[in-house]
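Chains P, S, Y and H are the protein sequences, given in the same order. In terms of our numbering, the first sequence opens at residue 12 and continues consecutively. In terms of our numbering, the second sequence opens at residue 114 and continues consecutively. In terms of our numbering, the third sequence opens at residue 2 and continues consecutively. In terms of our numbering, the fourth sequence opens at residue 5 and continues consecutively.
Mixed in with the good hints, there may be bad ones.
Pair by pair, the computed Cβ-Cβ distance ranges are [unchecked claim]: (1) S/Gly393 - Y/Asp138: 57 to 65 Å; (2) H/Glu328 - P/Gly258: 32 to 40 Å; (3) P/Val109 - H/Asp244: 46 to 54 Å.
The set of hints was computed from the structure by calculation and includes no laboratory data. Where is the CB? At the ideal position from N, CA and C, for every residue including glycine.
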Amino acid sequence: MSAATADVATIGHRLALQRRGTVAVLVLVVLLASLRYGDAFYSGINLTSYFDDAVKYSLIALGMTFVIMTGGIDLSVGSVILLAGVAGGLASPHGAVVAVLVGVGTGAAVGAVNGLLIAHSRLEPFVVTLATLLWARGLGLQLADTQTVVYGTGTLQSLARDKIFGLTTGFWLMILLFVLAAVALKFTPWGRTVLAIGDSEESTALLGVPTRLPKFSVYLLSGALAGLAGVVLGSQTGSVSMDTGVGWELIAVAAVVVGGTLLTGGVGSIGGTLAGLLLLQVIFTIINFENGRGGIEINSYWQNVVRGAFLLVVVLLQTGVGRGRKKS
Amino acid sequence: MTDLATRPAAASVLRNTDWPSFIRRYGAAIVLALLVLFNIIFTDNFLDLRNILFVQLRQAAPTAIVALGMALVIATGGIDLSVGAVVALSGQVTAVFLLDGVPPLVALPIGILVGVAAGLFNGTLVSRFGIQPMIATLVLFTAGRGLAQVVTGGRIQTVNQPIVEFLGLGVIAGLPISVFSLIVITIAIVLVTRFTPAGTKLLAVGGNERAAGLVGIRTKRVKTMAYVVAGGLAGFVGLLELGRIQASDATNAGLNMELDAIAAVAVAGTTLAGGTFSPGRTIIGVLMLRLLQNTLVAHGIPREVAQIAQGLIIVAAIYLLRRSRDAR
Amino acid sequence: MTDTTPEGPLLEMRGVTKSFRGARALDDATMTVGRHQIRALIGQNGAGKSTLIKILTGVYRRDGGEVRLDGRPVDFRSTADAQKSGVVTIYQEVNLVPKLSVAENIFLGRFPRRRGLVDWATMRAGARDALATLSLDIDVTRPLGSYRVATQQMTAIARAVSLEARLLVLDEPTSSLAEREVETLFGVMRSLRDSGVSMVFVSHRMDELYEICEDVTVLRDGRTVAEESLASLNQYELVSKMLGRAAEQVASGARPAARPRQQAEPVLSVTNAASAPRLRDASIDVYAGQVQGVAGLLGSGRSELLRSVFGADPLDSGEIKVNGDRPSLRTPGEAIANRLAFLTEDRRAEGIVPHMSVRDNLTLALLPKLTRRGIVDRKRQRQIVTDYIARLGIKAQADQPIVELSGGNQQKVLLARWLATEPAVLLLDEPTRGIDVSAKAEILALVDKLAADGMGVLLVSSELEEVVSACDDVTVLRDGVSVARVSLDRLSEESLMAVMASGEAVPSSDVPQKDNADD
Amino acid sequence: DSGGTGSSGNAAAGAASPAANCAIATAADPGNSQPADGTPVAENAPKLAQKDTYRVAFSQNANNGAWRIAETQSMQDEAKRLGYQIQVTDAQNNQSKQIQDIRSLIAQKPDALFVAPMTEEIGTVIGEAKSAGIPVFLIDRTVSNAQAKAGTDYVTTIVSDFVQEGKRAAYAMAKATGGTGKVIALEGTTGSSSAVDRKKGFEDALKQCPGLELVATQDADNQRARAQDITESLLQANPDVTAVYAQGDDMAMGAIAAIRAAGKVPGKDILVVSGDGSKEALQSIVDGAMVANVECNPRFGPKAFEVMKQYAAGDEVPTKILNEDRLFDASNAAEFVSQAY
Ligand SMILES: Nc1ncnc2c1ncn2[C@@H]1O[C@H](COP(=O)(O)OP(=O)(O)OP(=O)(O)O)[C@@H](O)[C@H]1O
Ligand SMILES: Nc1ncnc2c1ncn2[C@@H]1O[C@H](COP(=O)(O)OP(=O)(O)OP(=O)(O)O)[C@@H](O)[C@H]1O
Ligand SMILES: [Mg+2]
Ligand SMILES: [Mg+2]
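Make a model of the complete structure from these sequences and hints.
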């Protein structure tokens, strides 16, 4: 599905515009919401909970951004969160450091399996990670003996609740990782190679650039970040339940695409992913708030409808933007 | 190009057989045969005709019908994540109409129409608006089930009507309705793709959309049609599922069916990149995955372990297929 | 390279064999490249040139034979591997990453760094320098894909040159280049040779080979049939070695006698056609029984003209008449229904459906006509396919996937695809790009015959020689405007070149305005 | 009324003579468990002012399936009846969404917060409500003691005793089958406390009845279709099964359909015991397809608001309040079917 050469110039502009559009809509929505709901909306606890909740999704979306930039996809992240969250939880009695290491390590290990099969054996990412979605969840359930895994109330939990400049460590962790990732994308050979692979893997190889390792690495990274997300989740909520992560991979994919990363690879933005994710998340919050107003009672079933419709509106606006430009 | 005069000896037949393409063609069938063999030996009453037709095949048929639609969409280089939700939506709409006293002759076609409409919606987003198939169908994946829940208020409502009972328990030509429909639908699809230009057009669009456009094929229409057929089949399966449990279940009907269908298409040796279509192997893929699941259940394997096994089998299957694909 | 270069050839490939799914692509192929040498590698389409190169650089694994570099056996596993040993390759068809910037394309895999991070400023400067050696001055921060194919090809060359190779392999680098660019390239190649770099050069244009190469390796059906000095062979001897038959049988390419117009009215008439952004105001007439040429510099809008006539691109304004009528031609489907046919210049991206069989590829445009009461007539389909495979001498099985064919054979299948629709007007965009001499001669002969049989042909070609020898009449496009018409009596490469460059009509040639176009 | 219909249990159709090796086949329904004496009262939880009307919030963990819908409905109906304003969120079966829901509810500062916890482990967020000065009432499930303290972080929890429900199901099954046979069990959502506890209660009680052999246990996720598929597969592999225990009614309905599809008669060839007490289940007891059903009453509204009002009035509220569940069988199903949810 490679775009016609003549389209290449427009694609870049289009996605850049889309990113700005996403940020603009995000700002607009937040402004409108705070006007409508007043104090309660940005009062400390809600902002904190909003960002805390966003952390885990943002971590998998970050990994997903790199995977998608290579033209792949990682459907297994939701299951990896469960598996790594469980592993981290079981390790948590041995201290926060051990829990984090075990969680991230578990995620990375699963990511490495995906990466090997995709980069080395050249299997299709969609199917490989679909299979991993199954076995990693099974393994997580097995490991936890299908019981919710509790995180010891140790350093990890207080760390999760500690605040720096009024926001939790989780928030700052998220910001830090996104900044690092943005730098890595723009300023490391690895980042550029990842984009090149997504653009045309065959060409990249024929230019004499090894492609296996970078391709492997994005799945490793995605797994490791999902693992981290599992531990973060566990420490924030004190436990990891067996339903954790079901369907989250699609939330991440949606955020990445809304954020202006091309699903076929080659063009991407880290900041866009964050904006896309925060935008999707703010919708949840607003639906909850709207329910509280008592005016229109948004039946919870409508929430999914609204979310789907919102996704539709965003992508339609984006293509509209793209078309408008093409004509001019 | 073997010379007819020099018939190769058996040994050289083995040597000359194109093993890679043999495995590719029959890989899923071989695994299926092994599973059947295992069950004949280790599972009581497996060879019972009633079991084969009314348990194994009947359970597999709805997924197989959905997978046929999915294979069409995948042949165009797309993917349809919404089929599971469409199954739910069509079933719920039909159930509600039936409960309202609408005659079955009207209510059942409406269910299929719901699926067709959903397919039209997906197809339009993909072909007219150029939205990535995954994202385009994610809209209905999210909103479709929500709508289904809205329609029934999330309740499971028993539909005690002869027509529903017939859909679930009826027998035509000694076969359960779902198995009978699967056979009819398969024959129809095979006939249409073999003998009319539709099959060639489909593969041309999936293989090289721009080239297809330049030979006068209306690529947008072909793509849309694939989604419409997939949607219509999902709508029909919604009716079968309604009949199967004799009740509407918005939350669980068709749950994860899209992933089962995609996995089946993949283990059948079809690449998700488009340009290939094989109804026979798709059905074999479904049967294989379904029988695997049933075998694990019948032998008391807990669900989480079964999930691990399924994941591993899928990986193993596509690994073998790939080995054969580009052995060079 | 220092003076202490070891004796013996730089590269030796001996007895190389390679099969794809049982089909021999190479069978005892041999190639020796000396030092300070530019070696031509020639052969018909499908002879195995690209395969031999890919085996050298490890893209394909060889089934047998050996490869020695500097006398030592080597076994590269990938292009990267080969590059480490100084073997740099520009593969056939542009293989770059279009969405990244020009600069990144040049420095991918070896980014200049500062404190571990990519140093964009140095990279941009380096890219500009690399392109300057090819006299190219473009914005290196723009995505490569936004430039035309020739520029992309030059970028690939710039990258390869800047890699400081010992052995540079160029697989048909000139097929999408114009003459001036080819000259620039040759200049660079000469200076590289003088600095000690050896090169392998693949091209189907004989004059290029004689201009730049000293020695030649000739492949035929996967076998090396000659390794000689070019000077010792004249063009006819070379071609006859390539083909394995007497050179006299190869069409000479001499201008056929003038073909009479078969009707007074043009079968296709385009007036003031415009299509943003490249086509601004083009008018052209095509008569049944004649070959109408379109000439112009790269980017002059020739392809756009053909595309918008065929409904592949939207026509913003202008009028198109077919046999005097003004049918709707907004989609290729409508164009085909009006008996137009269009052979695209980009075979890979817009022509072939790669994994589909030759049979289905060949009959793709014919599908509606093959269908009776909704059913495809497979028997007739088979007949037609067998017929065209024989008529055009296509080397392929009907049920073989078309990707497995060599470029020339793919091109013939695509041509057959359109001939099978029995069009009234055939629009040909660079029909012989990347096609070997014999296939090219065959295709041009075929075009000649089609015209003689009453078809109207519109031919776009960047090879002036081809335009001059094949066309009855040539319209020159410049910046999307048809600026002149040159008719048979004054058709020569020189006169065409002059018009194309200046945009001035040659005195007394017709101005392409509709009213006085009739002569 | 403790729903003690125990002695009349023998009326179940086709009850075989009690096997000697089954201690519980003839025992009476063990009935509801009683809260341990001296359940502490809520003292340190945030106080609730006495007002004419309240603005309350309810975090439901998943608003699907008849049971949860009935629960939500009951909360909404009761609030409406009392003239309170109620805001409901639906976590859609997702623990972390529920935590997010609760936090956003807290931000809106309701007078009181009702929570139907997804899992026991959402306790930390309950503590946040306390910090915000909002009294919390848990219904139908509780939270882990390690994370939130009853009477301090939240006022009280109104729950059913799931272990007891499982136990009562085992008794009912033993009685109906006469203490012999092969049993398959269908479990609810993996890891949920109701599934874990019912399984524990059922299996522990079954130990006293070696004649009832548990041949297979499968997770059917509270889904009707899934339960149907699984039962079909299990019946095919174990054609001599004589009883099915489904932890929830949806699964029971799926199992009954599967039994029918296998050409057997539910209630005769294979006896089905289930839990929840839905209208559909009661009807099938009346129809003879199901033999017994242990109620798990979803109608928490009246009780929940009554407790809230007591608490506002300053009455002593115990930190754990047990719901009273009934046992339905052929003797009383017809009587209750019309009121069932
Ligand atoms: N990947 C492949 N799979 C199957 N067959 C192939 C493959 N690549 C090349 N071939 C076959 O090998 C033979 C040699 O092809 P090759 O591309 O080397 O020819 P070439 O001399 O470069 O031709 P051209 O002048 O058209 O570029 C052809 O018959 C071609 O069909
Ligand atoms: N916006 C653009 N910017 C730069 N290059 C473009 C643009 N649009 C098209 N091109 C490329 O420029 C090239 C020349 O355009 P066009 O095909 O109209 O002219 P042409 O005279 O037919 O040249 P060619 O010999 O390449 O066919 C094409 O390869 C096309 O892909
Ligand atoms: Mg070649
Ligand atoms: Mg052109």
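Hints, one by one, checked against the model:
For S/Gly393 and Y/Asp138, the hinted distance range of 57 to 65 Å is satisfied, since their beta carbons lie about 58 Å from each other. Against the hinted window of 32 to 40 Å, the Cβ-Cβ separation of H/Glu328 and P/Gly258 comes to about 37 Å, which satisfies the hint. Checking the proposed 46 to 54 Å range against P/Val109 and H/Asp244 shows it holds: the Cβ atoms sit about 50 Å from each other.
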